Structures are given as C-alpha cells and as structure tokens.
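For the record, the sequence lines run as chains A and B. Mapping to the numbering used here: the first sequence position 249 is 249, numbers consecutive. Mapping to the numbering used here: the second sequence position 230 is 230, numbers consecutive.
It should be emphasised that the hints constitute simulated quantities derived from the structure, not laboratory data. Remember, predicted model here, so these are calculated numbers, not experimental data. Just so you know, even glycine gets a beta-carbon here, dropped at the ideal spot from N, CA and C. Any given hint could turn out to be false.
Claimed, not checked - Dumping the calculated BS3-like pairs for lysine-lysine here, alpha-carbon to alpha-carbon at most 27 Å:
hint	chain 1	residue 1	chain 2	residue 2
1	A	K116	B	K284
2	B	K39	B	K241
3	B	K196	A	K10
Stated by the list, open to error - Far from chain A, some chain B residues (derived; all Cβ distances over 10 Å):
hint	residue
4	F35
5	A130
6	L155
7	P168
As the list claims (entries may be wrong) - If we take Cβ atoms under 8 Å as the criterion, some of the chain B residues that face chain A in the derived model are:
hint	residue
8	I92
9	Q96
10	F127
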Amino acid sequence: MARAVTPRRKLINTLVAWAIGLLIFFPILWIIVLSFKSEGDAIRTPIKVLTSAWTLDSYAVVQERSDYFKHFSNSVILAVGSTLLGVIVAVPAAWSMAFVPSDRTRGILMWMLSTKMLPAVGVLYPIYLLFIQLGILDTRIGLVMVLMLINLPIIVWMLYTYFREIPGEILEAARMDGASLREEVMYVLTPMAVPGIASTVLLNVILAWNEAFWTLNLTAAKAAPLTAFIASYSSPEGLFYAKLSAASVMAIAPILIMGWFSQKQLVRGLTFGAVK
Amino acid sequence: MATQHSRSAARVMMAPAVILLLGWMLVPLTMTLYFSFKKYLPLRGGDLGWVGFENYVRFVSSSSFWPAIWTTLIIVGGVLAITVVLGILLAILLDQPMWGQGIVRILVIAPFFVMPTVSGLVWKNMFMDANNGFLAHLWRAFGAEPVQWLSQASLPSIVMIVSWQWLPFATLILLTAIQSLDSEQIEAAEMDGARKFSRFRFIVLPHLARAITVVVLIQTIFLLGIFAEIFVTTGGAFGTKTLTYLIFQRVLESQNVGLGSAGGVYAIILANIIAVFLMRIVGKNLDA
Chain A
1 MARAVTPRRK LINTLVAWAI GLLIFFPILW IIVLSFKSEG DAIRTPIKVL TSAWTLDSYA
61 VVQERSDYFK HFSNSVILAV GSTLLGVIVA VPAAWSMAFV PSDRTRGILM WMLSTKMLPA
121 VGVLYPIYLL FIQLGILDTR IGLVMVLMLI NLPIIVWMLY TYFREIPGEI LEAARMDGAS
181 LREEVMYVLT PMAVPGIAST VLLNVILAWN EAFWTLNLTA AKAAPLTAFI ASYSSPEGLF
241 YAKLSAASVM AIAPILIMGW FSQKQLVRGL TFGAVK
Chain B
1 MATQHSRSAA RVMMAPAVIL LLGWMLVPLT MTLYFSFKKY LPLRGGDLGW VGFENYVRFV
61 SSSSFWPAIW TTLIIVGGVL AITVVLGILL AILLDQPMWG QGIVRILVIA PFFVMPTVSG
121 LVWKNMFMDA NNGFLAHLWR AFGAEPVQWL SQASLPSIVM IVSWQWLPFA TLILLTAIQS
181 LDSEQIEAAE MDGARKFSRF RFIVLPHLAR AITVVVLIQT IFLLGIFAEI FVTTGGAFGT
241 KTLTYLIFQR VLESQNVGLG SAGGVYAIIL ANIIAVFLMR IVGKNLDA
C-alpha cells in the first residue's frame, strides 16, 4: 500500500529502516570481516580489527585442517538428495489431491501436517536404535531418508497449494482431446507446475541444509554435514575466531543467497498457506 | 468430473507418500511408547522388564523436571514476545515508502537462513565471550565490566540468540499480511481524522490478528524443539536445560531409555495440544 509521502518523511523512514536492518545483519557482517583477518587480529578491539591487515589464510586453513569440503559436499548431498527424493514422492500425491479430490483429501492433508508437529526428541531413541540395527548410523543414505521424511509434509503441502492454482479446465480440455493420463501429466500439467516445483525445491533445500537436530544426533565423522562440523567448534583449542568465521561464512553463504530468492515461498511454505 | 478410473489412479499416486509418513510416524511412536513402560538401560543390563507407569512418575518427580519446564516456558514465551512485538513494528516500518526497501528487507531476513549451530557459536564466541567478544569490547569502551553472558545471564542470552533467528520469520509473515491490507481503508480512516494510533489499533492490528496467531503457533512448535542453540552454547548448563534437552540427556547421554521415552511421550502430548489449535486455523483456510 504505497502512499505518497513527503520527501522528508521518506528520508526518515529510510534512515531508520537502514539502521535497524544493518543492526540485525551486523552479526553476519562481523563474521565476514573476521573471516578475512588473522587469528591474532580477530580477537582485538573492533577498531583494531577493522584497521588490521586483510588475509585469506583462514579459508585455506579451515580446508587443510578439517577437510571442509567433505562436510560441504555432505551438506549438498543431504539437502539436495532429500529434497529431490521428497519431490518425487510428493508430486503424484499432491497432483491427485489437487485434481481428484475426495472426501478424505482434507483429512489426509491435515494428518500429514500433524506428523510434522511430532517433536523429534520424542522419537530420538527409536530412530537412533533403528539406525544402529540397519547399520546406517553416520551414513548419508540414512540422513537423506530422515530429512526427506521430516520435510515431506511441507513438500506435499506446498505442491498442493501450487497445483490447486492451476485451472482444472485446461486439464479437462486436454482429456477431451484424447490425452492419456501420462500425457496429461507430462505435457500439460508439468510445464505449468514447474515454477511451483522449483519454489518448493528451493525452500526445502534451505530447510534441510539448516536442519540441526537429526544431523547432530545421527552423524559422526563420516556423514557429518556442515551443521555438525561447525558444532565441533563448541570445544575448540587455541585461537579460532577467524577459522570459525571462515567456516561459518562458507556454510551460510550459499543458503543466504538462495534464501533471498525464496522470500515469498518461505511464507507460503512455512505457514501452510494460512498467510498469503 | 473425476472418473472411477482416475479415482483409483489417484489413490495409487497418493500411496507412497501416505505409507512413508505413516511408517515414519507409527514405528518410532510405538517404540517410544513401548520403551516408556520398560526399565531399559542399554549400557547397564539392557531390558530389565516392565515397570508400568514408573518412568512417567519418575520423570515428573525428578528434580530437573520443573526447572526444565520453566526454562522451556521462559524461552518460548520470551522469544514469542520479542519476535511478535518487534516483528509488528518492523513489518510496519518496512511497509513505509523508502529508498532501498528491497535491500533492507534482505538484511532483516538474513538471520533466518543462518544454520542454528553457526548462530549459536557466533553469538557465544564472537559476541558474548567475556574476554574477546564484541559486546565485551563495547562494554569496556564505556568503562563497564564485561558480562559473562552465557553463565551469568544464561537464559536471557539464549532468548536473545533465538529471537535473532526468529525475528525475520515473524517480520516476513506479518509484512506479507500487512501488504494485503486494503490501502483505501487506511486512507478512509485518515480522512475521517483517525489518529495514527487508532488507525493501528482498530484497522491494522485486527487485520494482523490471524497472521499473529499463525506466527505464534508455528514458532511455538519449532521453539519447543530448539536443540542446537543450547547444545553448542551452554550444553544445558546454567539453568538452560529445556524439556527437549532434558529428554535428549536422559536418552543419549545417560542412556536411560525408559525414562527418556516417558519424557518423550510428555513432549508429544504437549506438542499435540498446540498443534490442535494450529490445525484448526490452517483447516479453516483450506475451505476458503
């Protein structure tokens, strides 16, 4: 609701909003700064930090000492793998609920949502035990499955709300022209659904990337993604501000960039369509 | 109209998602229930038989139970109060005409995308550390004694860290809701001479009521389960042990699975009570 205001009013708005925005963003800005400093400089007073020399050393050290890219690729595999698997399972389900709704559709959707509200800690031990017995503790395949399952309700819901916006008449027309179910899905529905699916993938990759209950509890050295790798800095030795900053910046940068593109989807996906 | 053929096809297409979620829900839930009635110590004798409701009684009568409940309530309540109030103010501010609105929005939303372990550790070390943290430098610059944030003011510190993470979420949702407000309504009120505050009180706030409820319910579900932020900062020490963290310690650290499972059942019941309210709102929207 853009309204005309005086330039002076607009200037005040701008100044206040930028000040608050920068204040909220400051912790991220600060670790970006620290990541380009030496360990010795990173613990000095803020003014000395800013005036000290800039260096890329920390980034190199993090990779050398801790095999950073192994954890980074674990994160990529877990986030992308679990999301794609989830989409493969969810597309047919969301399609059928959006276009062939029955009396039970609503109930099923609500029930799926309710599984998302199960507190993870309530089923921690069973999952832990199942993982041990299936031999998938600290493996990527096990974590991909868990992350897929915890995000599946969100994926189904988001796809459902997108699919429901596609007019059913178009599908009917295709059907009348003799399109088979497969053709209908492939040539009519899919092209129209691509933006919705893309948004769903984007948001769920972000959620899976940042998931930090199961990834902390079900991984050790091998399958640990960045969430768990960063947690190893909670009991560090010696100076580590610059290293922790560099590791953190690399861990959040890709998702921060994706996040900026997914603001709208974030609202839709996390409120289950309750706020538009 | 859907044919018989497409109906059965629909059922087949829905099956994988339904079966997976059903398994994901039922199998661990049944196991948790099963363990909760057993004395089960994997490292000290394993399955030591049925004990009825003993675990349930012991979980609530342990000396850590009520402190954990209080800690949970303070964290959830504190974060909700901060994020909703500041979220409303920020949403109204971001809705005003200004230069660089898009960039400010990006700055405000950014913390939501920071993974919990990173934000926990960054706040703990780079900001709240009493020797080298940013806040300690700031305090010294003003001649004050630096605060040992995470041990002396542990709960407010955790509330502050978690609020920083969730403020973007509240702001974004409330902003979306404000933007759907009819500007003619505001203009009409303005012309009728309604003051700023009464415009806010009688037009904006009622319009936001639903979005606020959604923010409160969804955040509550997530906040009840916060884990990583405590895991990497205090490890549950200094009175920051929440219900979730207490159960985690019982199950994985002290490997008292029966007792922890009983706690898990309590957590599930608690989450379900909140979920019922959330589902009602979401369900209403489904009909519209």
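Outcome of the hint check:
1. Distance restraint check for A:K116 and B:K284: the Cα-Cα separation of roughly 19 Å lies within the 27 Å cut-off, and the hinted pair is therefore satisfied.
2. In summary, the hint linking B:K39 to B:K241 is supported, as the alpha carbons are separated by about 24 Å, within the 27 Å threshold.
3. Taken as a hint, the B:K196 and A:K10 pair is honoured in the structure, with Cα atoms around 17 Å apart against an allowance of 27 Å.
4. Residue placement check: B:F35 does not keep its beta carbon more than 10 Å from all beta carbons of chain A (closest about 7 Å).
5. Non-interface status of B:A130 relative to chain A is upheld: no Cβ of that chain comes within 10 Å, the nearest being about 12 Å off.
6. For B:L155, the shortest C-beta to C-beta distance to chain A comes to about 19 Å, beyond the 10 Å cut-off, and the non-interface label holds.
7. The claim that B:P168 is not at the interface with chain A is violated, since a C-beta of that chain comes within 10 Å of its own (minimum 8 Å).
8. The criterion of a C-beta within 8 Å of any C-beta in chain A is not met by B:I92, whose closest approach is roughly 11 Å, and the hint is violated.
9. This hint holds: B:Q96 has a C-beta 4 Å from the nearest C-beta of chain A, less than the 8 Å allowed.
10. Interface restraint check for B:F127: the shortest CB-CB distance to chain A comes to about 7 Å, inside 8 Å, so the restraint holds.
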